[in-house]
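Can you build the whole structure from these sequences, using the hints too?
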Amino acid sequence: MITNNLQSLFSRDLNKLKTEIESYQHEENIWKTDKDISNSAGNLCLHLVGNLNHYIGMTLGNSGYIRNREIEFALKDIPSLKLIQQIDKTIEMVSLTLENLSAEKLQKEYPSEPLGYPMTTEYFLIHLFGHLSYHLGQINYHRRLLDL
Numbered sequence: 001m002i003t004n005n006l007q008s009l010f011s012r013d014l015n016k017l018k019t020e021i022e023s024y025q026h027e028e029n030i031w032k033t034d035k036d037i038s039n040s041a042g043n044l045c046l047h048l049v050g051n052l053n054h055y056i057g058m059t060l061g062n063s064g065y066i067r068n069r070e071i072e073f074a075l076k077d078i079p080s081l082k083l084i085q086q087i088d089k090t091i092e093m094v095s096l097t098l099e100n101l102s103a104e105k106l107q108k109e110y111p112s113e114p115l116g117y118p119m120t121t122e123y124f125l126i127h128l129f130g131h132l133s134y135h136l137g138q139i140n141y142h143r144r145l146l147d148l
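Last residue of the sequence shown: 148 in my numbering, with the numbers rising by one and none dropped.
Honestly, the hints are just simulated from the structure, not real lab data.
Note that the Cβ used here is the ideal one computed from N, Cα and C, for glycine as well.
Heads up, a few of these hints could be off.
Here are the simulated PhoX-like pairs of lysine-lysine, each with C-alpha atoms no more than 20 Å apart in a straight line [as the list claims (entries may be wrong)]:
| id | residue 1 | residue 2 |
| --- | --- | --- |
| 1 | K32 | K76 |
| 2 | K18 | K82 |
| 3 | K89 | K16 |
| 4 | K82 | K16 |
| 5 | K105 | K18 |
Quick list of simulated restraints, FRET-style, between CB atoms [to be verified]:
| id | residue 1 | residue 2 | range |
| --- | --- | --- | --- |
| 6 | M1 | E70 | 12 to 22 Å |
| 7 | P114 | G64 | 35 to 45 Å |
| 8 | S8 | D34 | 29 to 39 Å |
| 9 | L9 | R144 | 28 to 38 Å |
Okay, structure coming up:
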């Protein structure tokens with residue numbers, strides 16, 4: 001079933017996110033911006049955790065998570081250990097939520113229209129995986145450019 005594949009892919013890339021954050025040689029560089037790089041790796045990490053906890057945890061898993069998107073980009077200097085803990089909790093939440101998602105629910109319309117149009121839950125989960133991968137690549141590039 002596609003949920004098993006999505007579960008595996010989300011877990012793989014969230015673990016890569018942890019590896020990226022852990023790979024910074026200088027922890028303060030996680031929060032660095034420069035010239036045309038307006039988002040730090042730390043803020044992108046917080047954004048990914050918030051995004052997945054909102055759209056998967058709260059919306060599909062009824063986790064009770066309350067998202068504050070603005071703060072995802074406003075917070076600074078959170079220790080990498082705390083970021084890693086948030087990623088670990090997100091991995092658990094995504095896994096548990098997808099484990100309990102029926103094939104029938106996947107084919108139903110996602111409860112809201114975050115992209116501005118109706119779509120199935122399956123479609124939106126694939127979109128969320130692409131969003132994760134996109135920002136993961138940005139974080140990798142951020143680390144290689146700014147963690148000198």
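Exercise for the section: Hints the structure violates: just list their numbers, smallest first. Expected result: Hint check: 5, 6, 7 and 9 fail, others pass.
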